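Whole structure, please, built from the sequences with the hints as guidance.
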Amino acid sequence: ETGVTQSPTHLIKTRGQQVTLRCSSQSGHNTVSWYQQALGQGPQFIFQYYREEENGRGNFPPRFSGLQFPNYSSELNVNALELDDSALYLCASSLRQSDPYFGPGTRLLVL
Amino acid sequence: KNEVEQSPQNLTAQEGEFITINCSYSVGISALHWLQQHPGGGIVSLFMLSSGKKKHGRLIATINIQEKHSSLHITASHPRDSAVYICAVRSGETSGSRLTFGEGTQLTVNP
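So the sequence lines, in the order shown, correspond to chains A and B.
For the first sequence, the positions run 1 to 111 when my numbering is used.
For the second sequence, the positions run 1001 to 1111 when my numbering is used.
Keep in mind that a hint or two might mislead.
[As the list claims (entries may be wrong)] Calculated pairs, SDA-like style, for lysine to any residue (alpha carbon to alpha carbon, straight line, at most 20 Å): (1) B:K1054 x A:S98; (2) A:K13 x A:L81; (3) B:K1053 x A:S98; (4) B:K1054 x A:D99; (5) B:K1054 x A:Y101; (6) A:K13 x A:S86.
What the hints contain is simulated information worked out from the structure, not anything from laboratory work.
Quantities reported herein were computed from a predicted structural model and do not represent experimental measurements.
Written as structure tokens, this is what we have:
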């Protein structure tokens, strides 16, 4: 049984570029949530996917979008990157209301 | 005011001391999580609580639903307990439930 994995681990982009982050969920988990964690702060909910459908969204603009695949892995896409998008991006997989399993995160730096 | 407030923000202890971290929340919840985050960024779920008390090794978590308050206790603290401890609440019983996080408590245990 593999844990939650995320790729890449680190990424540097420039303003205006687009980025795709990936998350492979824990085996058997059908729900993936994405969070943004700025330095020194707690994570903020971006959105959640359940069985390939968006299932709740936080206070993030439409340039943050996502996808969940039939194998329950997921992508987070961010268009038109801004400096404030620099953060640790965490995904967490779970079975609906069960304990979330977090990935190690992708650290994004926007210059 | 944040929906989830933790105290203290920073805590330094000597090895062997008993430690308490507090969490207060202002929204209706279906569960409360205590999480541990190490410097690399990875998050580990310690407890999920909806009532009462849970114990795992030297860690104890309690929740008072009426007072909207939870505590995490560490007995006989050790330098390896040094990490950021985060309280998160799950709101929403049905689809789209999300975690709302506190800002975290940075714990440093000195030998």
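Are any of the numbered hints broken by this structure? If so, which, sorted upward? none
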